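> Protein chains in written order, with numbering that gives the first Met the number 0: chain C, 0 to 246; chain V, 0 to 539.
Everything labelled a hint here was simulated from the structure, so no lab data went into it. Bear in mind the structure is a predicted one, so any value in this text is a computation, not a measurement. Any given hint could turn out to be false.
Pairs of lysine-lysine, DSSO-like flavour, derived with a Cα cap of 30 Å [stated by the list, open to error]: (1) V:Lys162 to C:Lys72; (2) V:Lys433 to V:Lys388; (3) C:Lys9 to C:Lys52; (4) V:Lys388 to C:Lys72.
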Amino acid sequence: MNIVGVYSIKGGVGKTATAVNLAYLAAEGGSRTLLWDLDPQAAATFYLRVKPKVKGGGKSLAHGRTDLDGLVKATDFDGLDLLPGDFSLRNMDLMLEDAKRPTKQLLRLLRPLADAYDTVFLDCPPSISLLSENVFRAADLLLVPTVPTTLSERTLDQLTGFLADHVRVSGIEVLPFFSMVNSGLPLQVGLMERVAARYPGMLRTAIPLTADVESMGIHRLPLQVYAPGCPAAHAYRALWAEVQERG
Amino acid sequence: MHQRFQDYLLPSGSKPRLVATLTQCGWRLLEDPPGLAAVRLLDSFDWGAYLAGAIVEERLEAGKRRLLWHDLSGGEPTLEQLIFDAPGLARDLAPGPVQGRILAAIGVRRLLPAVEMEVETQVLRLLDDEEKTLVRLVIEEYRLSGKEPRRGLASRLSVNPLKGYEVEAQAVADWLSHGFALEPALRPLLAEALTLGERPPGGYSSKLAYRLDPAERADEALRQILLGLLDTIEANIPGARENLDSEFLHDLRVATRRTRAALAQIPGVLPPQVETEFRARFAWLQQVTGPVRDLDVYLLDFDAYQASLPQSMRGDLEPLRFYLLSHYADEHRLLVEALNSATMDHLVHHWRQVLTEPTPAEMAPANADRPIKALADERVWRMVRRVRKEGRAITVESPAADMHELRKSCKKLRYLMEFFQNLYLGQAIGGAIKLLKVLLDNLGTFQDLAVQAGHLQDMAARMQAQGLTGTPALLAMGALVADLLRRQETAREAFADTFRGFDSDRGRGLFRGLFHAGPGGADPGAEPGSDPQPDPGHGS
Numbered sequence: 000m001n002i003v004g005v006y007s008i009k010g011g012v013g014k015t016a017t018a019v020n021l022a023y024l025a026a027e028g029g030s031r032t033l034l035w036d037l038d039p040q041a042a043a044t045f046y047l048r049v050k051p052k053v054k055g056g057g058k059s060l061a062h063g064r065t066d067l068d069g070l071v072k073a074t075d076f077d078g079l080d081l082l083p084g085d086f087s088l089r090n091m092d093l094m095l096e097d098a099k100r101p102t103k104q105l106l107r108l109l110r111p112l113a114d115a116y117d118t119v120f121l122d123c124p125p126s127i128s129l130l131s132e133n134v135f136r137a138a139d140l141l142l143v144p145t146v147p148t149t150l151s152e153r154t155l156d157q158l159t160g161f162l163a164d165h166v167r168v169s170g171i172e173v174l175p176f177f178s179m180v181n182s183g184l185p186l187q188v189g190l191m192e193r194v195a196a197r198y199p200g201m202l203r204t205a206i207p208l209t210a211d212v213e214s215m216g217i218h219r220l221p222l223q224v225y226a227p228g229c230p231a232a233h234a235y236r237a238l239w240a241e242v243q244e245r246g
Numbered sequence: 000m001h002q003r004f005q006d007y008l009l010p011s012g013s014k015p016r017l018v019a020t021l022t023q024c025g026w027r028l029l030e031d032p033p034g035l036a037a038v039r040l041l042d043s044f045d046w047g048a049y050l051a052g053a054i055v056e057e058r059l060e061a062g063k064r065r066l067l068w069h070d071l072s073g074g075e076p077t078l079e080q081l082i083f084d085a086p087g088l089a090r091d092l093a094p095g096p097v098q099g100r101i102l103a104a105i106g107v108r109r110l111l112p113a114v115e116m117e118v119e120t121q122v123l124r125l126l127d128d129e130e131k132t133l134v135r136l137v138i139e140e141y142r143l144s145g146k147e148p149r150r151g152l153a154s155r156l157s158v159n160p161l162k163g164y165e166v167e168a169q170a171v172a173d174w175l176s177h178g179f180a181l182e183p184a185l186r187p188l189l190a191e192a193l194t195l196g197e198r199p200p201g202g203y204s205s206k207l208a209y210r211l212d213p214a215e216r217a218d219e220a221l222r223q224i225l226l227g228l229l230d231t232i233e234a235n236i237p238g239a240r241e242n243l244d245s246e247f248l249h250d251l252r253v254a255t256r257r258t259r260a261a262l263a264q265i266p267g268v269l270p271p272q273v274e275t276e277f278r279a280r281f282a283w284l285q286q287v288t289g290p291v292r293d294l295d296v297y298l299l300d301f302d303a304y305q306a307s308l309p310q311s312m313r314g315d316l317e318p319l320r321f322y323l324l325s326h327y328a329d330e331h332r333l334l335v336e337a338l339n340s341a342t343m344d345h346l347v348h349h350w351r352q353v354l355t356e357p358t359p360a361e362m363a364p365a366n367a368d369r370p371i372k373a374l375a376d377e378r379v380w381r382m383v384r385r386v387r388k389e390g391r392a393i394t395v396e397s398p399a400a401d402m403h404e405l406r407k408s409c410k411k412l413r414y415l416m417e418f419f420q421n422l423y424l425g426q427a428i429g430g431a432i433k434l435l436k437v438l439l440d441n442l443g444t445f446q447d448l449a450v451q452a453g454h455l456q457d458m459a460a461r462m463q464a465q466g467l468t469g470t471p472a473l474l475a476m477g478a479l480v481a482d483l484l485r486r487q488e489t490a491r492e493a494f495a496d497t498f499r500g501f502d503s504d505r506g507r508g509l510f511r512g513l514f515h516a517g518p519g520g521a522d523p524g525a526e527p528g529s530d531p532q533p534d535p536g537h538g539s
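Isolated chain V, as found in the complex (with noise of 0.2 Å):
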């Protein structure tokens, strides 16, 4: 890829004029055959690399395939590598400068087709009197492809300078600004390209960002809560359909379970049969779900396990790989169904319509009309007070179930605090967020852990039950699963300093100040099991 100098947009039919007065002012010219190139912009379905402030190109042309790293400040040179085969997975691409980029940028999600395009190129050569070329002129004609009509994007010209050579690059240029008043081009080509695809730019995100009225009824707040969470799993259905990476199914499962939490959590403002009917359908959903997502898990997770063993056991662990594929189609088939099943389509449609449609004011609940900051105040604070419970009741003695049930209680408490984040001062929220997601990390790997040990014994029971593996293979599980055990007694021994972390002079005067501050204001000295309020939620 040539350095630019400076992109110009050229209007059309305007070339042979630009030829014609360039050979009047005394350059050699030469035009070089044009060439035609098909690109495609590429960026995860969460669009990772545009975020990370690039735009990836994959360019088909002479025979060649290039991919390029383009950052779109402008600040970094464009980075490019030979490919062979049309990207996918991040983690498939060759080594190289771009794939760096790339995997850093999107992980284990896939590159996906954002704009499709074909970019017609011609260059002319400025030639010295030896005929050396000493500036090149590339004009560039984009069109886009697939639906018709095509739609065209300014052609442009830019001055590529080569090396040795800058001072007439520059003269050129200056002469293309002044002498022939060509308009720069004041955004990169690729980013205007970027906005015209079917997909706006960053137009996707699993996060949450809601922009709730403190005044607006709960109900109203509510639905469009779920009207969010219903738009990420109707998103992700034909990317889980596919199987095009992980993270389709991974998003639609998060996005279902924050519907459950939601219809649990903030009680009374639907009617009630929709609640109980909604939780039942949508628990059906997560548990048509899960067979795929372990095995994704499995799976993502299958080289780190690899490399927690002994080099000398590392190839031992093959027999549990070819286990974990062999029954990933066959899950998949059935996950599949269940997404094209009429049970799935009356779930999205109808939960749509009940979102969409207002619910008769004979029919509210209680809490329907009441203002949602009080709303969500008060199903928080409820919240902050049960994981403190939770956590305090917590000894070394304790079973696993009492960390796991602490668990969930932590998530119920961060979906909620996520669904109500603009309702707070950024700033606070956004610390009481991160110190309940320093203790869930230390739950989640507890828990995570125990569950992967125990799915793995399971699996090598059965896979010897089989016949599918040798000793080596399960002695390979088992210092695997020993592994995992060991991980998950350092994490139980770390919970009582992390819980302690949360249950902290600070970190009660932050829930507190943020969540039960009262008509007075925050006061974060005050001891919340002491609060003389009475939990209108509590036991509830």
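Chain C on its own, in the form it takes in the complex (with noise of 0.2 Å):
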């Protein structure tokens, strides 16, 4: 089981819609997919159609006692199912400070889906916290969009540096990919050109800020099933098969 984790300290980077696209191309290449909405937002629930709804809430799955595999809901895509988020996620990092090894718990709830899913998405709210450490610990690769602005560049460096200093977490592989492109502003250009001479180890393919993306809320649906032919879902595509060959 691979896992997966989408994650930027700074909200509003296309967090999720990157999660359900990537995780639609990858059930769509034959993988048994799950994506897990770990955001109290549930954005990655509603775009998936599913009622947001933890059986028990987070306090639940934060001390172990809820099985994952009845929380799961198949979605409308063949081999894509959905661990649902809802808004009782809000507390997560209180709940998980009480919990017998906090930074592995996440890591301990998913073992038991080893067999069932090839890949596993964790999409993950913002901010740094205990929550962001178990995502850590328990994916093999963190995806971090990144906005070509310079708080997101900020946010980027932050983020490497907690890694950094974090030995427990360090042997996981970050991989950053700009996010929200607009190619017409000189000043995103240059910014982009700067952070990618800084992080050599950046995928190459860029996610355009399009409506096309805007409008997977109007949608819910992926890019790829209602919009396949715009340049988005051709980047999305293009970014599945760069972190699958980086993988």
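Assembling the complex is the task here: the two chains are given apart, and the hints tell you how they should meet.
This is the structure:
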């Protein structure tokens, strides 16, 4: 089972769109895929039209009392299942603090699903927290959508600094990529060149900022389903191919 | 592949009423565009998958080709894997869950189409207020391809539950059974479809299973045996001709050998000129089919040959594979010429004519009207005694030819026991055949390894003479020959113990009880060597 975290300290960078679209592409490619919506905003759950509800709430999850398999919902797409998010996840950090081995709870919960899924995507809430540490411990790869802005660059530095300082999570492969790119803005182009030079391991594919991606909330479907030929859909496909190559 | 709750038979034309009723019941419905799939149900010629309790389906749908393994008992979930080419030999399939099952079930055989169908699929999705699918109802209409008019199978409706929505699926299934009064499909559709193919499932087997009546005239019983063998020969000719897999020729040759054994070992039943003529004609068939079978054996064993060599020498054996393959086409062409020849055509037709036309009473030989059971006892017992005598005479100094003669006698004994198997108590004759098989395996290993080692030495000489090989290949072939001869020596060393097992008190009692019990019944303790009854067949 390959675990892919989609993570950024900063919000509004295209994490959920990335998680949903890549999870869809993984399933389409024949991989038995699970998408875990860890964000209390439950946007991935919304995109996939599942009712946001975690039986027993986030507390049961944090304390490992819940059997994850019983919470899984099939999506409308072959091979893609969802662990829905809900608002009770908002206090996940506080709940994890009370749990035994608080940074390994996520991994412990996922282990029983190892035979059922080939790929698991974790759609993470923004911020850096105990839940994020759980994600860093569990994931094999961390995809970091990075908007070409100074603030995004700064949060990428914060993340890489945090991972470097924490030996227990230093084994994870961090793959930043540019997201919500407006190639018409010269400022962004210059910034992208600088960030790419500073992070040579960065993925080459950039996801454009387009109305097609923004309308995922209207269609409530993966981009590949309602606009498979649009540039952003091509970009997600290229991104997934690159991730598979690197993973 | 989705899990299914239950399949229902959907009466023709009832889909609109189903949709209307579901809508009236408050369900939101979405109909997916219909899909068309080309389906082939596949199995080996001898139904390896079916006999293993499964159906293999190849499904070409939306540009994807999938191979599925359906457990007929329904106890196991369906397995599937994507493939990229039409499947053929099991060993050529890409590794995967289905390939593993197929390989275990059919071995070296090829998957052949048993039934071809077109399937039109319509998915009805039952949605919630978020327009999320809760349950999928799948309607499938099947049309058999091929001969006109196209035959159909009743349409099926299946309830496919989605993970996390099992309660909803169960509610729909209950409603379909009780509210909409659909009849459940009791038999898996694919099992039903399989029966509509041109070949009945499980309809071919190279195994002998005659139903002889003990009191039946010997000539009628022998005709039944020989006609069964002729059916097997004829059934395998097209596959051997097209070289679909190596087992066609193998089964054809085994049936030929059995025919020759029946003619030689059950004498005095058919007119003597028929026996003589057809023993010679079937010897011809055995001879013309030999070279391709030899090459098949080497090619089938090739990977094992390589594996028996040290890692560093394995690649050096490749010129041998090339040599075998380069001769294969020529030898196969000669085989096809023989199978297509007038000689073969006459053999098959004339033989069937002989076997189906009764012999005039005045021409019937001495054994023709004897009860088959009496003749079977006599012939098998005679062969048991011969095997014992030959086996007991073999010492560590005996030449390999003596072992070979013993093997031939053992094979004849085995064929006789298999022809007449149903005339005896199943458990007892099964035990006797098993006991003999252990001895035959030992003798077979000894003989086959010797033959292979000899042929390999000849081939090495020919390859060298034709400049087809270098020193590394010769050394590798030498190492292979040495290994074969070492294994042959091991088989030779094991012979004495193996034969003792066959010739044990238990073994002797078993054979005597079966074939020489006399009117007083079995006498398991008696020693066959001191048998007071004269053996009528001995010395003939």
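> What's the verdict on Lys433 of chain V and Lys388 of chain V, does the C-alpha distance respect the 30 Å limit or exceed it?
holds, 20 Å
> Mind checking the alpha carbons of Lys9 of chain C and Lys52 of chain C for me, to see if they're no more than 30 Å apart?
holds, 25 Å
> With a cut-off of 30 Å on the C-alpha distance, tell me whether Lys162 of chain V and Lys72 of chain C pass.
Satisfied, since the Cα-Cα distance of roughly 5 Å is no more than 30 Å.
> Does Lys388 of chain V pair with Lys72 of chain C here, judged by a C-alpha cut-off of 30 Å?
The hint is violated at about 74 Å.
Checked against the numbered hints above, the structure violates only hint 4.
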